[in-house]
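Participant: Sequence:
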Amino acid sequence: MSSFPVSSRTSTLSASDLTLSQLQRTQREMLENQRQTSSGLAIARPSDGADRVGAVLQLRQNISRAEQQERALQNGLGALDTADTALGETAQILREATAVASSQIGVGSDAETRAAQSLVIDASLEGMLVLANRQFADLSVFGGDNGAAPGEKVFESFLGGVRYLGGTDDLFAPVGALDPEEITGNGVDAFGAFSTRVEGVIDLDPAATAGTRLSEVVGAQGRGIRLGSIQVDVDGTTAVVDLNGADTLGDVADRINNAIAGIDAAAGSLAVSADGFTLNAAAGRTVSVTEVGTGQAAGDLGVLLSATSGAAVGPDVGVKLTGTTALADLGAGVDLTSGLVLTQGAVTATADFSAATTIEDLVNTVAGLDLGVRLEINANRDGLNLVNEVSGLSLSIGENGGTTATDLGLRSLDRSTELTNYRDGLGVSTTDAGVDDLEIALHDGTTFTVDLFGSATVGEVEAAIEAAAAAAGVAVPGAFDVGFAATGNGLTLTDNTAGAGSFAVRNAGRSTAGDELGLTQDVGAGATIDSGDQALVRNDNAFTHLIDLRDALRTNDESGITFAGENLVQDTDRLVESRARIAIQSQRLEDQQTRLADRVITEQTMLSNLQDADLTEVLTEFSRLQLQLQASLQAGAQNLQLNLLNFLR
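Per our numbering: the sequence shown ends with 652, consecutive numbering throughout.
By construction, these hints were calculated from the structure, which means they are not laboratory data.
Misleading hints may appear alongside valid ones.
Claimed, not checked - With a straight-line cut-off of 25 Å between C-alpha atoms, the simulated DMTMM-like cross-links for lysine to aspartate or glutamate are:
{"hint": "1", "residue 1": "LYS156", "residue 2": "ASP192"}
{"hint": "2", "residue 1": "LYS323", "residue 2": "GLU363"}
{"hint": "3", "residue 1": "LYS323", "residue 2": "ASP267"}
{"hint": "4", "residue 1": "LYS323", "residue 2": "ASP236"}
{"hint": "5", "residue 1": "LYS323", "residue 2": "ASP338"}
No experiment lies behind these values; they were computed from the predicted model shown.
All chains, please: the whole structure from these sequences, using the hints.
Facilitator: Here it is as structure tokens:
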């Protein structure tokens, strides 16, 4: 059986397009192959590997973050190493100063040699200031979280002392650990910059108001406010109240009152009171508030109450002090018209609070005196502290004719002051039980003695003197009063008797308690003996003790030299401990650096496996593409040369 051959005829244009398309595709593949060969990357853009691009981008982000963390680690290690070196040099300065103190005690030293050595200590003090202000990469290594600007200081000479302007907490940085790590020290830990403060002894108990924010209360259960739903019951009819999103005590009262009104507007209401909330019920009605399920909102807010025909007062929710707390809302009445008298070293100033309306106004007023004294809200947020920022000076806080310092709990000497705080920590020496310490003579000729054995506070000294006077037949108060100075500070004895005798306080026997209390005086016909503030506030640190040593050498005070030298030994020990803490933190950073490097190597390996090109495979493919291109060119050239005669054959 015969058959006809089937032939396919393709136009020259179609063959040309097909050949050109094949050549372009091969050339594109060769170009991509060349890119991979030169860059070493199999993935240059998302479309190159859609299945791997997410992982590649995440790994690149991780490696970039790790590089930032590595820089933070390097800065942190540099800062800590600088701090460690500075503390080592400071410890050496203190050891040398201690040696100077030892050499100037006893035989072989006189006023002239001690005056000369005071210059040495003065130079040591300047050297320690330089060390305390060291920076690494423009970072104050002892500035904590409030370091100085590049080239500036966190410790400065101020009113004859040394003032610290840095932060109380270390500076932290993210370095790849679970939590940020410390990368600096601070002046408080290293040098004891704020080792002493006047801590307010009065709970100022700010009143709750409708505008009091829930974030500003301790909560009736002492655990803050855990918002949720509560249930209101009015004579057996209940409604659930959602308190989520409430911002103030007033918001809480409004939502609960809306729920009560929704049942019966005449049944009662919830009101914001001075300590928290009061639930009121109309006559013959019962209104109560309970929790929903395991919620704690009602308990925290102090509204877990039930009232029948009257009021049910909730517990104190514990309003915290804030800068915006109105002074008019303080629970304890405060004399704001008199103000405080503050004496820092040789400088005395009065803090006038008469125009203050908020806690922040009090803070700003004290700061405006520029005495290196800072007023702050205490850690419990219920009172105030006065912080002495200056080392080497003594601070006294007293009254200005009123009761402001007492009302705020800020007198540096009051009834609760311990006698161990007298005379810069030397305390008051009393005799044995049954042996008198003081002898007091009044104008009317009455004389009595006082045994201070067992007295530990100023209040107990006051009570002992009053008891001795009463035992001698003196009317207390009245003929004889014991109290505190109306202006400034100090224990004050007042003789209101009449007569020609001198009013005097003397040491009894061999006791020195009268001198140490500041009461040993003979005022003749005067009526008042004022001890002055003998419990001055001083920062107990290396700067203070170097200044003490310098001044004791200048004034040829051998006991002062001895005391300062002993304190410097303790300061050296504190520096050694600080240096040890910094060494531990440096080790933590070094360990983190090692872990970070290991992690980066792992992630770089994973990234390489995902995005790097296999050069052997790439070069093999390139050779194949060259052959393919050559074959395509030859086939194309051959096909495109065909004419009609070739076709007719």
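Participant: Now, for every hint given, state plainly whether the structure supports it.
Facilitator: Outcome of the hint check:
no., hint, result
1, LYS156 with ASP192, "holds, 17 Å"
2, LYS323 with GLU363, "holds, 14 Å"
3, LYS323 with ASP267, "violated, 35 Å"
4, LYS323 with ASP236, "violated, 31 Å"
5, LYS323 with ASP338, "holds, 21 Å"
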